[in-house]
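There are 2 protein chains.
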Amino acid sequence: MLNNNDILREPPYDFEIEKIVDVILRGGYKKILIQMPDGLKIYSKYIRDEIVKRVGNVEIVFSGDSAWGSCLLDDVEATRGGYDLLVHIGHIEYPYYKSSHRTLFIPAYSRLSISEDLISKLFDALDLYKINSVGVVSTIQHIKLLPEILKVLSTRYKVFKGSGLGAVMGCEYSSAIAISRYVDAYVIISGGVFHGLGLGLSVLGKPVIKLDPYESRVVDLTKEIDKILRIRIHKIHEASEARNWVLIDGVKGQNRSWFRRYLEQLIKSRGGDYIVYVSENITKDLLINIDSSWVDAYIILACPRIPIDDLYDFYKPVLTPAEARMILTGKKDRYYFPW
Amino acid sequence: MLNNNDILREPPYDFEIEKIVDVILRGGYKKILIQMPDGLKIYSKYIRDEIVKRVGNVEIVFSGDSAWGSCLLDDVEATRGGYDLLVHIGHIEYPYYKSSHRTLFIPAYSRLSISEDLISKLFDALDLYKINSVGVVSTIQHIKLLPEILKVLSTRYKVFKGSGLGAVMGCEYSSAIAISRYVDAYVIISGGVFHGLGLGLSVLGKPVIKLDPYESRVVDLTKEIDKILRIRIHKIHEASEARNWVLIDGVKGQNRSWFRRYLEQLIKSRGGDYIVYVSENITKDLLINIDSSWVDAYIILACPRIPIDDLYDFYKPVLTPAEARMILTGKKDRYYFPW
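Heads up: the sequence lines are chains A and H, in that order. At position 163 of the first sequence (counting the first as 1) the number is 163 in the numbering used here, and the numbers step up by one without a gap. At position 132 of the second sequence (counting the first as 1) the number is 132 in the numbering used here, and the numbers step up by one without a gap.
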C-alpha cells in the first residue's frame with residue numbers, strides 16, 4: 001500500500017506535465033489557472049513543482065471551487081483574473097459547453113492496472129447472467145485499459161466498445177447507448193458507483209458490472225440501479241399532482257434554459273405556477289431556504305445527478321427535467337435519463 | 001407570534017417594491033435577476049408576485065447561490081444570462097466592488113421596532129460599565145432605528161452615530177472606527193452575533209452591546225469578543241513557525257490579489273514557499289482536499305470572517321491576511337481586523 005507521501009511524489013495519474021509545459025512555452029504564457037476535481041487537489045503542489053521546474057518564471061494558481069465536471073469550467077474566472085491559459089484536469093471537454101477562454105484539457109489518465117485475479121472475478125460476475133454479448137465503457141481516467149479488457153472478454157463473449165472513445169460522463173452516456181441494441185450486459189471501468197449508476201439508468205434493463213481499478217474490486221450494480229429506479233418512480237408518483245413548482249436552473253454548461261422554457265410552458269398550460277432560480281451550487285440548504293407551504297415540488301435543470309444522488313431524501317419531491325416532463329406531459333410509459 | 005404564512009403575506013422587511021417596479025418600467029426591462037441572502041429567499045414568491053402584479057409581462061429569476069454580501073454580486077451571471085437588470089436585495093453596495101452589470105441595491109429595511117422594555121434592558125446592560133459616551137451603529141436592515149436609539153440614549157450618555165449612514169458590514173467597520181476616539185462603548189443594532197463580533201474586533205477594548213430587534217434581546221458581546229481575540233492570538237502563535245503556506249484568494253469583491261502579492265513577497269523573503277488557490281466557496285472540505293504533510297498553515301484572502309467564524313477549528317492554523325502579516329513582518333504588537 002502506498003502511503004500519502006509516496007502518492008504525492010509519484011501520483012497514480014498521468015498529469016501530462018510535458019504536454020502542459022509544451023503549451024505554456026509555445027504560447028509564452030505567464031499566468032496559468034489550473035482547475036481539478038476535489039480528489040485531485042492534493043496533487044496541486046506536485047503539479048506546480050513539476051511545471052515550475054521546467055518552465056521557470058510562471059505564476060500557477062489553482063481553482064478551489066468544486067469541479068464536478070467540465071460543465072463547470074472556470075472560464076469566467078480565467079478571463080476575469082487575466083490568466084493566459086486555463087488548464088482543466090480530470091475531464092475531457094463537455095460536448096455541450098464551449099469554453100470562453102483558452103483552455104487545455106488534461107484527462108488525468110490513471111496509472112493503475114487490472115490484475116489477473118480481478119479479471120477472473122469479472123468473469124465470475126458475468127457468469128451469473130445468461131448473456132452472449134458485453135458492452136464495455138470507462139470513465140476517461142481508465143480509458144487506456146479498454147483494449148485489454150475488450151480482448152480478454154472476447155475470449156468468452158461477443159464484445160462491443162462504447163462508441164467513440166468508449167468514455168462516459170456522469171450525465172452523458174451516448175457512447176454506451178449507441179451500442180445498446182447489440183449488448184446483453186455492460187462492464188464499466190470506474191471508481192465509486194457514480195458513473196455505473198448513471199449508466200444503468202441510461203440503458204435500463206441491462207446488467208451493469210463495475211470493474212474498479214482503485215479498490216481492485218468487481219461489483220454488480222444491477223440491483224442498486226433497480227433500487228434507484230424505484231425511488232425515482234416513487235418521486236414521480238409523489239409529484240404527480242404538483243401545482244406549484246420551483247425550477248432551479250444551472251450556470252455555464254449546466255444552464256438549460258431551453259428545457260426550462262419548455263417545462264414552464266407545460267406547467268402554465270396545466271394551470272400551474274412556478275418560480276425560477278439559477279444557481280451554481282444546489283444543496284439541501286438552498287431548498288430549505290426557498291421552501292414554503294406554497295411549493296409542491298422542485299425541478300433541478302442544472303445536473304440530473306443532483307436530484308438523484310444528493311436530494312433524493314428531501315421531504316418534497318425533487319425531480320430531473322425528464323422526470324418532470326413525464327408528469328407534465330402524462331407520458332409515463334418510459335423512464336428517461338439523463339434528459 | 002406570526003406564523004409562516006403571515007410572514008409570507010406581509011414580510012417584516014421593506015423590499016421597496018414600488019422602487020423596483022419604477023426602475024423596471026422606466027428602463028423597459030423584461031428580464032430581471034434578483035439576488036438575496038439565504039434568509040430572504042423564502043420571500044422570493046412574494047417578491048415575484050408583487051412585481052408581476054404591477055409590471056405585467058416580465059421574467060423574474062432568482063439567484064440561488066449564497067449572497068453573503070454585496071462583495072459576491074451575481075453580476076457575471078446577470079451578464080451571461082442576458083438579464084436587463086440585477087436587483088441585489090439585503091445589502092448596500094460594497095465600497096470595494098463595482099458591479100459590471102446594471103444593478104439596483106435594495107437594503108431590505110426591517111419593519112421591526114424596539115419596545116420600551118428592550119430600551120430599559122439596554123440601559124441595564126450599559127449601566128454595568130463606567131462610561132460617559134456611547135457610539136451607535138447598525139446593520140443596514142435596522143438603520144432606520146438609529147435616530148430613535150440615539151435620542152433615547154442621549155438622555156443619559158453623550159452619543160455618537162457611526163460616520164456616514166452609521167451602517168456596518170461583516171468586514172467593514174469604518175463607520176464605527178471613525179468615532180472610536182470619542183466613545184467609551186458601542187451599541188450595535190443587529191440580529192445574530194456576526195456583525196457585533198466583527199465590530200468588537202475592529203474597536204478592541206471597548207464594550208459592545210447588541211440590541212437585537214428580531215429576538216427582542218439585549219446581549220453584551222464583550223466577553224465573547226475577548227474569547228475570539230484569544231483564539232486568534234493562539235492561531236497566530238501556532239502558525240508563527242510556518243514555512244509552507246496555502247493562500248486562498250477570493251473572486252469578485254473578495255479578490256485581494258494586491259494583498260496576496262504582498263504576502264507572497266514576505267513569505268519568499270523569509271525563505272518559505274506557498275501555493276495559491278482562488279475560490280468562491282471556501283469550506284473545511286476545500287482545506288481537507290488541499291491538505292498534505294507539506295502544508296503548515298492557510299491564509300484566507302477572500303473574506304476575513306471565513307477563518308474567524310467558519311474555519312477556526314481546523315486542525316492547522318487558518319489565518320486572516322492581517323494575522324499572517326503579523327507573523328511575516330514580526331510586528332505583533334497590535335491585532336488588526338479586518339485587514
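Wrong hints could be hidden among the right ones.
Copies of the same chain are indistinguishable here, so a pair counts whether it falls within one copy or spans any two.
As the list claims (entries may be wrong) - Simulated pairs of lysine to aspartate or glutamate, EDC-like, Cα-Cα distance not exceeding 20 Å:
(1) K19 / E59
(2) K144 / E16
(3) K316 / D285
(4) K98 / E172
(5) K316 / E241
(6) K161 / D313
(7) K223 / D117
(8) K284 / D65
(9) K45 / D296
(10) K121 / E264
(11) K144 / D127
(12) K158 / D313
(13) K161 / D226
(14) K130 / D65
(15) K30 / E16
(16) K53 / D273
(17) K121 / D22
(18) K53 / E264
(19) K331 / E238
(20) K331 / E10
(21) K284 / E16
(22) K252 / E280
(23) K332 / E264
(24) K45 / D285
(25) K45 / E264
What the hints contain is simulated information worked out from the structure, not anything from laboratory work.
Now for the hints, and whether the structure bears them out:
Within a single copy, K19 and E59 get their C-alpha atoms as close as 17 Å, which meets the 20 Å cut-off; across copies the closest is 46 Å, which misses it. Taking the shortest Cα distances, K144 and E16 sit within 20 Å of each other inside one copy (14 Å), while across copies they are farther apart (60 Å). In the homo-oligomer, the alpha carbons of K316 and D285 lie at most 20 Å apart inside one protomer (13 Å), although the nearest pairing across protomers, at 27 Å, exceeds that limit. In this assembly of identical chains, the alpha carbons of K98 and E172 lie at most 20 Å apart only when taken from the same copy (16 Å versus 39 Å across copies).
Taking CA atoms no more than 20 Å apart as the test, K316 paired with E241 passes inside one copy only; the shortest distance there is 12 Å, against 51 Å between copies. With identical chains, the CA atoms of K161 and D313 are never at most 20 Å apart, being 35 Å at best within one copy and 49 Å at best between copies. In the homo-oligomer, the alpha carbons of K223 and D117 never lie at most 20 Å apart, since the shortest distance is 24 Å inside one protomer and 63 Å across protomers. For the identical chains of this complex, K284 and D65 are neighbours both inside a copy (18 Å) and across copies (12 Å), given an alpha-carbon limit of 20 Å.
Proximity of K45 to D296 under the C-alpha cut-off of 20 Å is restricted to the inter-copy arrangement: shortest distance 13 Å between copies versus 47 Å within a copy. In the homo-oligomer, the alpha carbons of K121 and E264 never lie at most 20 Å apart, since the shortest distance is 49 Å inside one protomer and 52 Å across protomers. When the C-alpha separation of K144 and D127 is checked against a cutoff of 20 Å, the pair qualifies neither within a copy, at 25 Å, nor between copies, at 75 Å. For the identical chains of this complex, K158 and D313 are neighbours neither inside a copy (40 Å) nor across copies (56 Å), given an alpha-carbon limit of 20 Å.
In the homo-oligomer, the alpha carbons of K161 and D226 never lie at most 20 Å apart, since the shortest distance is 24 Å inside one protomer and 65 Å across protomers. Taking identical chains as interchangeable, the C-alpha atoms of K130 and D65 are never at most 20 Å apart, the minima being 45 Å within one chain and 49 Å between chains. Only within a single protomer do K30 and E16 lie at most 20 Å apart by alpha-carbon distance; the minimum there is 19 Å, versus 48 Å between protomers. Taking the shortest Cα distances, K53 and D273 sit within 20 Å of each other only across copies (14 Å), while inside one copy they are farther apart (58 Å).
Proximity of K121 and D22 under a CA criterion of 20 Å is satisfied in neither setting, with 41 Å inside one chain copy and 69 Å between copies. In this assembly of identical chains, K53 and E264 lie within 20 Å of each other by CA distance solely across copies; the values are 19 Å between and 54 Å within a copy. For the identical chains of this complex, K331 and E238 are intra-copy neighbours only, at 16 Å inside a copy versus 62 Å across copies, given an alpha-carbon limit of 20 Å. For the identical chains of this complex, K331 and E10 are neighbours neither inside a copy (53 Å) nor across copies (40 Å), given an alpha-carbon limit of 20 Å.
With identical chains, the CA atoms of K284 and E16 are never at most 20 Å apart, being 37 Å at best within one copy and 29 Å at best between copies. Within a single copy, K252 and E280 get their C-alpha atoms as close as 8 Å, and across copies as close as 15 Å, so both meet the 20 Å cut-off. Only within a single protomer do K332 and E264 lie at most 20 Å apart by alpha-carbon distance; the minimum there is 19 Å, versus 59 Å between protomers. Within a single copy, K45 and D285 get their C-alpha atoms only as close as 33 Å, which misses the 20 Å cut-off; across copies the closest is 18 Å, which meets it.
Taking CA atoms no more than 20 Å apart as the test, K45 paired with E264 passes between copies only; the shortest distance there is 16 Å, against 47 Å inside one copy.
In summary, the numbered hints that this structure violates are 6, 7, 10, 11, 12, 13, 14, 17, 20 and 21.
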